[in-house]
Amino acid sequence: MMKISKTLSVGISFVLSLIFALALLVIGAVAWNYTAVLFPGSGLQPLPAVVMATYPEIIVALVADAMLIKLLHNVSRESVFIPENVACIRTISWMCFAEALLFTGEGVASLMSEQTAAGQNRFPFAVFLIIAFACAFMGLIVRVVKNIIEQATAIKAENDFTV
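The numbering of the sequence shown is my numbering, which starts it at 155 and goes up by one.
The hints are simulated quantities; they were obtained by calculation from the structure and are not laboratory data. Among the hints, a few may not be true.
[To be verified] Taking lysine to any residue pairs in the SDA-like style, the calculated list, with each CA pair at most 25 angstroms apart, reads:
(1) Lys157 to Ile173
(2) Lys224 to Ile166
(3) Lys224 to Thr245
(4) Lys224 to Ala306
(5) Lys224 to Pro210
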């Protein structure tokens with residue numbers, strides 16, 4: 155398997171993070187009608203709760219992406235085990251949990267909508283709950299990584315004082 159350099163890997167991650175942020179901004183510009191794009195031919199109109207929840211979801215994702223970019227910047231400067239990185243990872247984990255709550259609320263709102271009550275389509279409900287579960291699980295994984303980095307940062311600080 156081909157191994158790429160550390161610098162190239164961080165650079166690729168940085169570029170992908172910027173592309174992700176731009177994609178979120180584009181999605182935000184057209185979110186008012188995204189339900190019709192996701193479910194063409196279903197006759198569904200965008201649910202107000204779904205559209206209203208989309209913008210906070212985009213903002214939360216942008217905050218997480220900004221923290222990821224800040225983290226990658228620190229790593230590119232070879233500042234890995236520092237409290238600032240722990241704070242970035244902590245924020246990313248909280249943003250994952252916030253997304254889980256937002257998507258859960260969006261799923262419940264879609265389930266309670268008139269269209270779902272009329273038996274037209276329960277698919278959005280399932281999709282939102284699957285996304286919510288994935289966000290919560292990602293938040294948990296990031297939280298564990300944060301705890302590991304936090305412990306490593308404390309060990310590094312202790313070693314720096316003893317030398």
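Proposed proximity, Ile166 with Lys224 (alpha carbon, max 25 angstroms): Roughly 14 angstroms between the alpha carbons, so the hint for Lys224 and Ile166 holds.
Hint consistency between Lys157 and Ile173 [alpha-carbon to alpha-carbon, up to 25 angstroms]: holds, 23 angstroms
Pair hint outcome, Lys224 versus Pro210 [Cα-Cα no greater than 25 angstroms]: Cα-Cα ~21 angstroms, so holds.
25 angstroms limit on alpha-carbon distance, applied to hinted pair Lys224 and Thr245: At roughly 11 angstroms apart (the allowed maximum being 25 angstroms), Thr245 and Lys224 satisfy the hint.
Pair hint Lys224 and Ala306, alpha-carbon separation not exceeding 25 angstroms: Roughly 19 angstroms between the alpha carbons, so the hint for Lys224 and Ala306 holds.
In terms of the numbered hints stated before, the structure departs from none.
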